[in-house]
Amino acid sequence: MRRVIAGILLTLSFFPAALPGQSLPDWTGVWRVPGTVPTGATIFDQATATRGGAGAPGVRQYPPYNAEWEALYKENIEKVKQNRFPDPFTNCGMPAGYPRIMNLPDVYEFVVRPEQVWIISENGPNIVRIYTDGRDHPAPEDRWPTFSGDSVGHWEGDTLVFTTLSVKGWDTDHDSILDRTGVVISSAMRSTTRMRKVDDNTIEAQITIEDPKALTKPWVVTRRYMRLPKGTRVYDYACAENNRNPVDESGRTLTLGPDGTPLDK
Amino acid sequence: MRSLTKVIFVAFIFMIAQAQAHHSSVMFDDSKTIELSGTVKEFQWKNPHIWIQVMVKGADGTTKEWSVEGNGPNSLSRNGWRPTTFKPGEALTFRVHPMRDGSAAGNFIGAKWSDGRTIGEWQ
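So the protein sequences, as listed, match chains A and B. Everything in the first sequence is counted per my numbering, starting at 0 for the first residue and increasing by one. Everything in the second sequence is counted per my numbering, starting at 369 for the first residue and increasing by one.
Since the hints were derived computationally from the structure, they do not count as laboratory data. All values derive from a computational prediction rather than experimental measurement.
Cut-off 20 angstroms, straight-line C-alpha distance, at most; resulting in silico cross-link-like pairs (PhoX-like, lysine-lysine): (1) K480/B / K400/B; (2) K264/A / K432/B; (3) K80/A / K400/B; (4) K400/B / K264/A.
Could you build all of it, start to finish, from the sequences and the hints given here?
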């Protein structure tokens with residue numbers, strides 16, 4: 000009998016995903032990134048950022064870029080100054096992708112289920128699915144770059160640990176960015192995210208980004224989310240409902256008047 | 369004749385402007401604040417940003433329509449805003465960060481009704 004139990008325990012140890020009967024943490028509620036956009040809430044790496052909001056001219060952070068990608072970032076920073084750095088989702092319809100979804104205004108829900116965790120952002124709206132049923136990433140020939148990539152994870156106690164790869168990168172297309180300062184990563188990016196509830200009102204995500212094309216060493220970014228009052232509702236975002244700030248062919252974000260014609264001079 | 373705009377260079381370094389949720393706010397000059405006194409023509413309570421159309425009477429006596437952009441209705445609703453917050457015909461003074469190119473639009477900072485009530489940042 001002991002051998003049978005030992006065998007079962009040994010078998011279970013090879014399947015670190017959430018299992019029937021496993022106790023999962025309670026992440027219910029509505030959450031948001033503290034602060035505002037102008038104060039830097041949607042700057043991806045707030046720890047290394049210069050003062051100001053994402054999109055304010057000259058504001059930047061310091062990913063451990065190699066020389067080639069630092070030069071690309073500087074080009075983007077100059078475009079931001081000239082209002083010529085297009086945000087892919089300003090025209091409505093493009094997902095934020097991963098890891099940008101961790102860096103949005105408005106609110107979040109983190110849905111923990113035995114076989115998946117869903118990160119749902121009101122802004123967009125966007126959803127990232129993290130498979131925790133024991134599966135692995137698809138084989139290279141069975142995957143292709145997408146905005147959110149492919150995320151698989153497991154639970155280490157109350158901490159969700161997941162890896163994400165197969166994302167769209169600046170080397171293959173310009174449809175995905177990390178924030179409006181112009182930070183970008185390559186399609187070779189592989190991230191490992193550790194998420195846990197620090198206390199009743201705080202969830203923390205530590206995102207370690209490895210990118211052999213763009214970075215000289217792993218880039219570790221910590222994001223926090225605070226709980227909103229109980230009963231807070233989440234609404235439609237409907238970006239295309241009345242978008243008076245489309246991006247034109249030159250990358251300039253326009254400001255439309257009530258009749259739909261640009262006010263810009 | 370009522371003056372419509374009064375440029376105030378921002379003295380409130382820590383003033384928190386309304387967030388721009390879905391696009392860059394680089395078209396607005398965050399280093400400047402102007403006041404617009406006028407009447408509400410329309411309040412667009414829609415995603416991704418609310419817009420307030422304000423009819424502003426100029427020093428020359430002509431009336432010009434200004435577009436005041438705010439955050440999205442979802443986050444504003446969680447700060448107490450409602451679709452009825454601004455009603456057509458109401459007289460208010462708005463403080464906005466103006467467009468860098470001088471166009472008749474600005475980014476909402478705060479507003480004050482003629483009866484003294486305020487909303488947003490108003491110090």
